[in-house]
Structures are given as structure tokens and as C-alpha cells.
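Model the full structure from these sequences, guided by the hints.
Take a look at the letters that make up each chain.
Number of protein chains: 2
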Amino acid sequence: MALIVQKFGGTSVGSLERIEAVAELVIKTQQQGHQVVVVVSAMSGETNRLLNLAKQIDSTPSARELDVLLTTGEQVSVALLAMAIIKRGHSAVSLLADQVSIKTDNMSGRARVEHIDTERLHQELEHNRIAIIAGFQGRDGEGNITTLGRGGTDTTAVEVAGVLQADECQIYTDVDGVYTSDPRIVANARRLPEIHYAEMLELASLGAKVLHQRSVEAASRYHTPLRVLSSFKPDKGTLISYKEGCVSNNPVTGIANQEAVYYQFTTSNVKMLSQLLMALAKLQIEVDMLHQWCRQVGIFDYAFTVHSNDHLVVLEVLQSAPFAQDINEMTFEQGLVKVSVVGLGIKSHPQILAQTLDALAYEDIYPKLMSTTEIKASILVAELDLQRVVNRLHVTFLP
Amino acid sequence: MALIVQKFGGTSVGSLERIEAVAELVIKTQQQGHQVVVVVSAMSGETNRLLNLAKQIDSTPSARELDVLLTTGEQVSVALLAMAIIKRGHSAVSLLADQVSIKTDNMSGRARVEHIDTERLHQELEHNRIAIIAGFQGRDGEGNITTLGRGGTDTTAVEVAGVLQADECQIYTDVDGVYTSDPRIVANARRLPEIHYAEMLELASLGAKVLHQRSVEAASRYHTPLRVLSSFKPDKGTLISYKEGCVSNNPVTGIANQEAVYYQFTTSNVKMLSQLLMALAKLQIEVDMLHQWCRQVGIFDYAFTVHSNDHLVVLEVLQSAPFAQDINEMTFEQGLVKVSVVGLGIKSHPQILAQTLDALAYEDIYPKLMSTTEIKASILVAELDLQRVVNRLHVTFLP
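As you go down the protein sequences, you meet chains A and B in turn. Per full-length UniProt numbering, residue 1 is the first one in the first sequence, and the count goes up by one each step. Per full-length UniProt numbering, residue 1 is the first one in the second sequence, and the count goes up by one each step.
Derived by calculation from the structure, the hints in this document are not laboratory data. No experiment lies behind these values; they were computed from the predicted model shown. Some hints here could point you the wrong way.
It does not matter which identical chain is meant; a pair holds if it fits inside one copy or across any two.
Simulated crosslink set (DSS-like; lysine-lysine; CA at most 25 angstroms straight-line) [what the hints assert, rightly or not]:
{"id": "1", "residue 1": "Lys28", "residue 2": "Lys55"}
{"id": "2", "residue 1": "Lys347", "residue 2": "Lys368"}
{"id": "3", "residue 1": "Lys87", "residue 2": "Lys55"}
{"id": "4", "residue 1": "Lys243", "residue 2": "Lys368"}
{"id": "5", "residue 1": "Lys271", "residue 2": "Lys87"}
{"id": "6", "residue 1": "Lys243", "residue 2": "Lys209"}
Structure representation (C-alpha cells):
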């Protein structure tokens with residue numbers, strides 16, 4: 001008997017028919033002799049519907065009240081799924097954040113989980129009940145409703161699996177696993193049967209939209225095996241754990257891509273960069289491919305990229321923060337994409353960057369920036385070249 | 001400075017425009033120097049939409065999970081109203097059942113309020129914040145979500161007003177007060193400026209759909225003045241308190257009507273009736289106009305009425321309960337209506353019943369059953385005669 005946490009995303013519970021199908025799947029897992037805890041998202045479209053109501057009232061609605069509003073989406077899902085399981089003669093109970101004490105900090109809209117009680121969950125499991133937890137939501141120290149931000153239901157699932165020391169945390173979504181590259185870009189992208197947390201972390205942060213970065217980090221911290229699978233056509237999916245993947249005689253696991261904006265500026269204030277990075281970190285904006293060079297004594301040039309979603313906020317900081325007066329000759333460039341070659345084997349294969357550049361040269365493409373870490377090599381290219389770049393790299397490293 | 005509890009029903013918050021209007025109304029009350037606690041229903045149509053989702057999953061959905069589902073409706077309303085008030089630069093905070101500790105028994109779908117904490121509410125009011133409570137919902141002793149049944153948001157408002165010892169509990173609805181009779185039936189029905197709890201209780205239970213009986217009972221228990229008014233065209237509405245109404249030189253306050261079903265049966269088991277009444281009480285079905293007569297030694301005839309909404313459930317009990325084998329010659333009759341002449345003055349005017357019968361005879365109508373209490377005289381007539389009966393009684397008693 002294993003303890004399995006199953007998470008179902010918005011499309012997996014996107015209609016009453018889908019909820020009935022999920023009920024069957026959960027029951028089947030229990031009938032195989034397992035204890036099951038389920039974590040559920042809002043029905044697809046519901047969160048946007050609610051957000052739209054809020055925006056019609058106020059374009060910048062109260063963050064506390066927005067969380068009160070949005071969490072109703074998951075509450076609807078857990079109640080309906082519990083009904084569907086109970087109708088089939090099995091025991092189930094829906095549980096909200098306060099009922100399992102999912103305690104978070106008080107950052108409305110992007111709270112972090114601080115503590116989860118396992119007592120209630122163990123009680124339910126001992127009574128052979130399927131526990132269905134509303135994802136995405138928490139309660140802060142004063143009992144206010146909070147939400148966990150993008151990918152929040154994954155976070156709930158992984159945190160719950162972690163504190164329960166679950167044998168596996170299964171993330172059911174609308175894709176059937178993690179691929180060597182985006183199948184919409186690379187026709188013969190292959191599903192990876194297994195992958196290491198570190199690789200998944202890079203793939204997640206680089207644009208493989210399967211899993212949110214924070215939940216992969218949490219799973220690796222708890223040593224919880226994560227499995228990504230489809231609720232539409234159940235199969236083995238992709239297992240994410242500390243085991244190196246099967247493709248590991250190959251140093252490269254996948255090719256990821258992410259829309260990026262490139263910034264470049266000059267300053268003579270040496271302290272400015274750390275102030276900028278701190279300001280962006282507070283806004284949870286990830287700065288990537290950071291480069292510094294010294295034009296002449298006391299004058300520094302900087303360049304970095306951010307996800308294109310963050311562009312307007314970054315621009316605001318660069319133009320209006322207290323330290324902005326020390327920024328000179330600032331330019332930015334949109335329409336770019338960061339392509340990354342990811343694999344645990346990269347650290348022991350220093351030729352990967354050279355091979356990457358060779359592959360690009362074959363296509364007559366020369367990257368604007370590049371950077372490497374122990375497990376990835378990234379290059380910044382024009383979005384127009386995305387298709388050619390990713391396919392060439394896929395042919396090169398994952399033939 | 002007064003402490004005022006304002007309750008807004010589903011039609012009052014039925015659209016975003018209506019929510020904005022309610023925000024203005026609440027702010028205006030605060031600006032008049034009052035402390036304001038608001039209690040809100042789900043947007044009109046929302047509860048039915050949710051109920052419909054549940055019924056599609058299971059025609060008899062889990063009662064616990066149904067409550068989890070339905071309470072999202074009020075949660076959406078409180079968040080949106082809070083946003084609308086905050087946008088206007090005023091402080092507001094939405095509060096759910098657990099956040100103000102609205103403790104109930106564990107009867108899912110029809111729970112009774114057992115306790116409400118005032119500490120949090122006083123805190124919010126001291127900080128000059130408008131407290132917006134989700135109506136209709138509670139938490140049982142184990143932290144499960146419960147709902148208070150029909151008229152539940154009124155109940156929340158009255159209970160909150162009671163424990164806060166509010167100066168007034170204002171029930172905003174889609175009618176602008178309590179009338180001497182249903183204006184759709186009696187063209188010159190008049191709004192009553194004031195009315196006594198006891199009269200309102202009879203009018204509520206007899207079909208004046210303005211207020212639910214349970215909330216009138218609770219208000220009278222707490223001695224909280226209740227005011228019924230329209231959120232569409234603000235006016236003084238009708239004040240319900242221990243004061244006798246202005247029309248009180250007239251013994252009759254109003255003429256109410258309610259669709260009814262009439263049952264009649266014979267039994268020789270003397271204990272059967274109490275078993276029947278107990279069974280119906282458990283189902284919260286109110287038995288009215290109960291009559292007994294003894295046909296011969298050891299054989300009893302019984303007759304009673306119930307609200308026509310309860311007909312199918314009552315029939316089921318009469319045909320299938322354990323004591324049903326002792327019921328003989330059972331007949332029932334639908335298409336009836338109970339018309340009641342209500343007024344505190346009735347107890348000191350014993351001629352009211354005679355005048356009622358005279359008025360009916362004038363129309364050549366003879367009631368099937370009649371009954372009187374200290375403050376009402378009721379007759380059972382065919383629904384076809386409703387218009388004529390109510391108008392004749394209105395002319396007679398409220399000329």
C-alpha cells in the first residue's frame with residue numbers, strides 16, 4: 001500500500017464529465033490498495049471569470065479580497081468531485097485550507113506555505129476516506145485567505161505530499177509528460193520516461209509549461225517523487241526524482257525556450273546593480289543571463305534578460321526607482337527568445353557550448369548573449385529564428 | 001452614532017452595477033455617522049447555478065459537500081462588495097463564517113446558529129472598517145461548512161445584529177416594505193410603516209415573502225428592530241418591532257395567503273398522530289389547521305394542511321412511514337389556498353371570525369376549514385376564489 005497524492009488541474013476538472021472521469025480515476029487508485037489524497041484546481045476558465053468580475057469592479061482590486069474571490073473556484077471543484085465520488089459509493093471529504101491548516105505568510109496573491117497539519121489528513125485516510133483538498137489556497141497567521149500565485153495548486157499538492165511523506169505526487173494535467181522539447185516546435189520531440197529534479201527545474205523555469213518551478217523545488221526538498229501525467233489518456237507519464245534519466249547516456253535531456261526581453265545600460269555607480277537586483281527580487285522577478293563589462297575605469301556596462309511577461313514592471317523600475325538617476329544609455333530589445341540546452345551531463349561535457357554555437361552557425365544564426373551553468377547552456381536569439389534554432393539543437397543533441 | 005446591520009439579498013447584489021450601488025448605499029450610511037456591518041447573499045441566480053451543477057453530478061448530492069459548494073456564492077459577493085467599497089477609498093473587510101466564528105449545529109443545509117463571536121466585529125468597527133459578512137453560512141463544531149437553509153442570509157443578519165445589540169437590522173430586498181396584502185392580488189394594498197413582530201411572524205409564515213419566519217423570531221428574541229426596505233428605491237420601508245403598528249386603531253394589520261394542500265384520513269391507532277407529527281417535524285414541515293373528530297368510539301378522523309411545496313414529502317410519509325399501515329381512507333386535495341386575517345387586535349375583537357365568514361358569504365364562498373389563534377383567523381378556500389376572497393376581506397377589514 002502506497003500513499004499517493006494526485007493533483008488535477010483546471011482542464012482535468014474542466015466540465016462535469018471531466019469531474020466524473022477524475023472521480024473514476026481516483027477511486028481506481030484507491031481500489032489498487034493505495035491511500036489517496038487529491039488536490040484540485042478551479043474548473044478551467046473559472047479563475048479568469050472571477051478575475052474578470054473583480055477587474056470590472058476595480059482595475060487594481062484589493063489583494064486580500066481578490067484572494068477571497070478567487071479561492072471560491074477551487075471550493076466549487078472539491079465539492080463537486082467529493083459528490084461524484086460519494087455517489088459511486090466511496091467515502092470522500094472536501095477540505096479547505098483552514099480545515100487542514102495550510103498556513104502561509106501574509107503575501108496576498110503569492111503567499112508561501114509555512115506549515116500544513118497532517119493530523120486531519122491521517123484521520124481521514126485511516127477511515128479509508130479520500131481526502132480532497134482545495135488547491136491554490138492558504139490562510140495567513142490572522143486567518144485571512146491567501147493564494148499561492150501561479151502554479152499554486154501544484155504547490156499545494158507537492159507540499160501536502162511532502163509533509164505526508166507520500167510515496168508519489170502525481171500531477172495530472174493536459175499533457176502526458178515532459179518532452180525533450182516543445183512538440184509544437186519540434187515535430188519529433190519525445191516524452192522522457194524519467195528526469196532528474198535539477199533538469200526539470202531548468203526545463204520548468206525555461207518555459208516547459210508542464211510544472212511550475214516552485215513546486216519542483218519543493219518536491220526535491222522533500223525528496224518526493226513527482227510524476228506528470230495526463231488525466232485524458234492515463235499512461236506512465238514522466239517521473240521526476242533524484243534518479244538520472246534513462247536518456248542519461250546522452251548528456252542532454254531537453255531543449256527549452258522562453259520569450260525574453262534584453263536590457264542594457266551604463267552606470268558609474270557601483271552599488272546600483274545590487275539595488276536593482278534587490279528591487280526586482282522583491283517583485284519576484286527573475287533576472288537571467290546577467291553580464292557586466294567595464295568600458296573604462298569607473299564606468300560599467302550591464303546587460304540582462306527577464307521573462308517577457310515581466311517587461312513592463314522592469315521598465316518601471318529602471319525608469320522610476322530611486323537609483324534610476326544613476327542609469328545611463330538604457331536600451332531594451334523585445335522579440336527575443338532564450339533557448340537552453342539542459343542536461344545533468346553538461347557539467348562533464350564542456351564541449352556542449354561549442355557544439356551549440358556550431359549548430360547555430362550551421363543555420364547562420366549568431367546569438368546575442370550566451371551563458372552556461374553546470375546543467376544548461378543558454379543562448380539569446382531572435383524569436384523569428386526560434387523554430388530553426390530549436391530544431392537544429394534537437395537534431396544535434398537528441399538525434 | 002448607531003450600530004446598523006444592513007442585509008442585501010440576491011437581487012440587491014444581482015449584478016456588478018447593483019454591487020456598486022450597494023457600496024454607495026453602505027458608505028452613505030457610514031458617512032451619516034453610523035457603524036455598519038453588512039451581510040450579503042449570493043448574486044441572484046448563482047445559488048441555483050451551483051445547485052444545478054450538483055444535481056447534474058448526483059440528484060441527491062452529499063449534504064455536507066452541497067454546503068461547501070453553495071457557500072461559494074456568498075463568498076464571491078462579499079469579496080466583490082469589499083472591492084467596490086475599497087475602490088471608493090473606504091475601509092472594508094470581507095468575513096466568512098469561520099472568521100467571525102458563526103458556530104452552528106451540524107445539520108447540513110438547515111443548520112441553526114449556536115454562537116457568534118463579536119470580538120472580531122468590534123475590532124473591525126473600532127478601526128472604522130465596514131465589516132462585510134457572508135450570509136447563509138456557518139461552521140459546525142468540527143469546522144465543517146454548514147448552511148442555514150431558506151432565508152439563511154436574513155438569519156445571519158438578524159443573529160449578528162442580535163449579538164452586537166445593533167440599533168437596527170435593515171433587510172434590503174426587492175420590495176419596499178410589508179404590505180396590508182399582496183399588491184398583485186389587492187390593487188389598493190398599502191405599505192405598513194410599522195408592524196409588531198407577532199404580526200410579521202404570521203404574515204411571514206402565511207406567505208408574505210418579504211422575510212423568513214425564523215429571522216423574525218430571532219429578531220423578536222433579541223429585541224432588535226428590523227426594517228424591511230428596497231435597495232432599488234431607498235425609503236423608510238417598514239419597521240418591525242415590539243411597538244404596535246400605526247394602523248392599530250384597526251384590529252387587522254394585513255391579509256396573507258399561502259398555497260396549501262389538505263389531507264384527511266381515518267385511524268383507530270390513537271398514537272399514530274403524534275408519530276406522524278414527529279416525523280413531519282423532523283423534516284421541518286409545518287402542519288397547520290389540524291382538526292380531529294371522533295367518528296365513533298375508537299375511530300378518529302383527522303384533517304390538516306401543509307404548504308403546497310411540502311406535498312410530495314408529506315405524501316411519501318403518509319404512504320410509507322412505519323405507522324402508515326394504520327392510516328385508512330386517506331384523501332388529499334390540492335389547488336387550495338389558506339387566507340389569513342392577521343392583527344394583534346384580533347384577540348380583543350372576537351367578532352373577526354364572524355365578519356370573515358360574512359364577507360365570504362357575500363361572495364357566496366364557504367370555507368373548507370377554518371382556524372383561529374389570538375392574532376389570526378384563517379380559512380381554507382379554493383385557489384380559484386383567491387382573488388375574490390382576499391379583496392373582499394381587504395375591503396372589509398382595511399377599507
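Tested hints:
In this assembly of identical chains, the alpha carbons of Lys28 and Lys55 lie at most 25 angstroms apart only when taken from different copies (24 angstroms versus 41 angstroms within one copy). In this assembly of identical chains, Lys347 and Lys368 lie within 25 angstroms of each other by CA distance solely inside one copy; the values are 23 angstroms within and 95 angstroms between copies. Taking the shortest alpha-carbon separations for Lys87 and Lys55, only the inter-copy value of 11 angstroms comes in at or below 25 angstroms, while the best intra-copy value is 37 angstroms. Neither within a single protomer nor between protomers do Lys243 and Lys368 lie at most 25 angstroms apart by alpha-carbon distance, with minima of 35 angstroms and 83 angstroms respectively.
Proximity of Lys271 and Lys87 under a CA criterion of 25 angstroms is satisfied in neither setting, with 63 angstroms inside one chain copy and 38 angstroms between copies. Taking the shortest alpha-carbon separations for Lys243 and Lys209, only the intra-copy value of 22 angstroms comes in at or below 25 angstroms, while the best inter-copy value is 67 angstroms.
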